[in-house]
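I would like the entire structure built from these sequences, with the hints used as guidance.
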Amino acid sequence: MTETLPSPVVNADSAPYWQGAREGRLLIRRCDACGQTHFMPRHLCPACWSADLRWVEATGRGTVHSFTIIRRAPLAAFAPRVPYVVALIDLEEGPRMMANILGDDALDTAIGDAVAVCFEDRGEGAAVPQFRRAGGRG
Amino acid sequence: MSETSLRNRVAIVGVGESDIGKVPGMTGLGLNAQAAKRALDDAGLKPLDIDGLLTAYSFTEPYFMLGSVLCEYLGLQPRFNASLVVGGATPAVMLKHAAEAIVAGQAEVVLVTAGENRATGQSRDQAVAALTAVGHPYFEQPYGSSIPGFYAMIARRHMLEYGTTREQMAEVAATTRRHALLHPNAHMKAPLTREQVLAAKPIADPLGMLDCCLISDAGGAFIVTSAERAADLRAKPAYLLGIGEFHTHEHIMCAPSLTEFGATRSGAAAYRMAGLGPADIDVAELYDCFSIVPIIEAEELGLCPRGEGGRYWLDGRAAIGGGAVPVNTHGGMLSHAHAGAAGGLFGIVEAVRQLRGGLGARQVEGAEIALVHNEGGILSSHCTMLLGKDKA
Chain A
45 MTETLPSPVV
55 NADSAPYWQG
65 AREGRLLIRR
75 CDACGQTHFM
85 PRHLCPACWS
95 ADLRWVEATG
105 RGTVHSFTII
115 RRAPLAAFAP
125 RVPYVVALID
135 LEEGPRMMAN
145 ILGDDALDTA
155 IGDAVAVCFE
165 DRGEGAAVPQ
175 FRRAGGRG
Chain B
8 MSETSLRNRV
18 AIVGVGESDI
28 GKVPGMTGLG
38 LNAQAAKRAL
48 DDAGLKPLDI
58 DGLLTAYSFT
68 EPYFMLGSVL
78 CEYLGLQPRF
88 NASLVVGGAT
98 PAVMLKHAAE
108 AIVAGQAEVV
118 LVTAGENRAT
128 GQSRDQAVAA
138 LTAVGHPYFE
148 QPYGSSIPGF
158 YAMIARRHML
168 EYGTTREQMA
178 EVAATTRRHA
188 LLHPNAHMKA
198 PLTREQVLAA
208 KPIADPLGML
218 DCCLISDAGG
228 AFIVTSAERA
238 ADLRAKPAYL
248 LGIGEFHTHE
258 HIMCAPSLTE
268 FGATRSGAAA
278 YRMAGLGPAD
288 IDVAELYDCF
298 SIVPIIEAEE
308 LGLCPRGEGG
318 RYWLDGRAAI
328 GGGAVPVNTH
338 GGMLSHAHAG
348 AAGGLFGIVE
358 AVRQLRGGLG
368 ARQVEGAEIA
378 LVHNEGGILS
388 SHCTMLLGKD
398 KA
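Residue numbers (our numbering), protein chains in the order written: chain A, 45 to 182; chain B, 8 to 399.
Note that these hints are calculated values from the structure, not bench results.
Treat the numbers as computed from the prediction; the structure is a model and nothing was measured.
Don't be surprised by glycine CBs; every beta carbon is placed ideally from N, CA and C.
Do not rely on the hints blindly, as some may be mistaken.
As the list claims (entries may be wrong) - What follows is a set of in silico ranges between Cβ atoms, one per label pair, in the way DEER data are often shown:
(1) A/Asp76 to B/Asp132: 45 to 51 Å
(2) A/Val53 to B/Gly51: 50 to 56 Å
(3) B/Arg131 to A/Val53: 22 to 28 Å
Claimed, not checked - Partner residues are not named here, just some residues of chain B that face chain A (Cβ under 8 Å, in silico):
(4) Val135
(5) Ala136
(6) Tyr150
(7) Glu235
Below is the structure:
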C-alpha cells in the first residue's frame, strides 16, 4: 500500500502557521516596524531584523510564478500522485511560497494563473496549504 | 578596510582525478585519497609537504568533521583544516579559503579534495531521496518537490522571459557529451544527440533525464601553494588571478529572482580582482547540474548577453573550436562526472589542464585564461575564479 504523505513538522517558529492550517487559515508574518510581510516564519523580520512581528491571515489568492510537473517522485510516498504539479505561488500580499496545484485541471497550470488556497488533510487533523486554479490570469 | 587582493599570490600546482564511473571497489574516502595521491604526484610533492587540507561533505558516508576524518585517513597532521559546505560551490570556495590561508601565512601547501561513491555507495532511490534534503524540510519537502523540479521551475521561467527552448537546453547536453568523448576518464563513453536528450524519460517538466547530471563514483583533488613556491615545482602552475563569491538564498522559495542570480556578482568580483573581463576568457568551465544552469551562468558571467545563453549552445559557440569561449571541455557534470562537491572540482582540474596545454583534440588552442564557476544549492551560492597560465 502507499506510504502516507508527510505531516507538517511543527516548531517554535511555525506553530501558529500550522495551527492556522488546521483551522483552514493561511497565516503569514507581518513586521510592525517596517510593514513587510514574509513567508517562512522566522524569529525576526528578514528585511529590517525587528522582532516586532504579527501573524496576519492571507486572502489565499495568488498567482503562479513558476511550476513544474513532477514525473519521477523523489520519495516513495509521492509516487502514487505522479504526475503532480509543484509551483511557486506569489501571494496577493507579496510573499512567495511553494505548494502543489491540486484539482482535475492541475496539469493545465500555466505561469500567471490565478490560484486560491485550499487545505489538504495530512492525518490527525493536520493540514498543509495547497492551491487550486481559480480561473483567469493574474 | 580594503580587500586584500589574491591576484597572482597563489597557484594550483597539482591536479588529480580518481577512477570515475561505477567504481564498486572504492569507498568515498578512498576516492578522495586516490585523487589526492594523483594530485600530489602531479605536483611532485610528498605527503609531509602538505600543511593544510580542505574538503567538503558526504551524503553516502556517515562521517562528522570530514576534514579531520580525511586527514586521519591520509595520515596527515596539518596546521590548517576544515570541511566546508556550500553545496556545489564548495570547491571554488575552498580554493578561495586556501588562497587566503596561504597569503596569511597559515599554510604553505594546501590539499583540496572532494568526492563520494554516489553511484555504488547507495541505491539510485537512496541517492534521489537523500538529495531531497536540499529542499526546505518544513515548507518545500511536504510538497514532493525535487532538485530537478526546482531547476525545472527556473528553466520554465527562463523559457517564458527569454524564449529559451528545450532544443537549446538539449544542445547543452549534446555538446557537453561530445567534449566528454575526448576525455579519457569521463563517466559517459557513448555519443548523445539532441534528439536523444529530447526523447529521454521526463523527470520534472521541462527537464528530462538527460538534462540532469550524472550520479558517479568520483573524487577530485588539487594542490595550492604560493606563487613563489610554485615556480620551483615540476608542474606548470595555474595562477589564481581573481576570485569572488556571492550568496543570495538557500531554498528556491526564498530566491530573490528565478532569472537573475548571484553569479553576476561573484563574476564581477573575480573580474575586478584580476583586472580582466569576459573578452579575456579563453575557456570556461561552468557548473552544469542541469542543462539550464550553464545557459544562465554564461549570461551572468558575460560570455553572451542576457537571454542568449540558449543560442550560445545551439549556434555551436560553446563547442571546442566553435569560435567563441568553449564551455565544459571535459564534459561537465552532465557527461564527465558528478559526485557531490567533486562535480564542480573537476571544472577546476580541467581549467588547469587546459592552461598547461597538450590535450590533443580537447585542447582549446592558445588557452591562457580560464574561468571556472561553481554554484551550490538552487543557484544559491556562487563562486567564480579566473586562472591564468601566467600572472595577470
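Hint check:
{"no.": "1", "hint": "A/Asp76 to B/Asp132: 45 to 51 Å", "result": "holds (47 Å)"}
{"no.": "2", "hint": "A/Val53 to B/Gly51: 50 to 56 Å", "result": "holds (52 Å)"}
{"no.": "3", "hint": "B/Arg131 to A/Val53: 22 to 28 Å", "result": "holds (26 Å)"}
{"no.": "4", "hint": "Val135", "result": "holds (5 Å)"}
{"no.": "5", "hint": "Ala136", "result": "holds (6 Å)"}
{"no.": "6", "hint": "Tyr150", "result": "holds (5 Å)"}
{"no.": "7", "hint": "Glu235", "result": "violated (45 Å)"}
Violation of the numbered hints given earlier is confined to hint 7; every other hint is satisfied by the structure.
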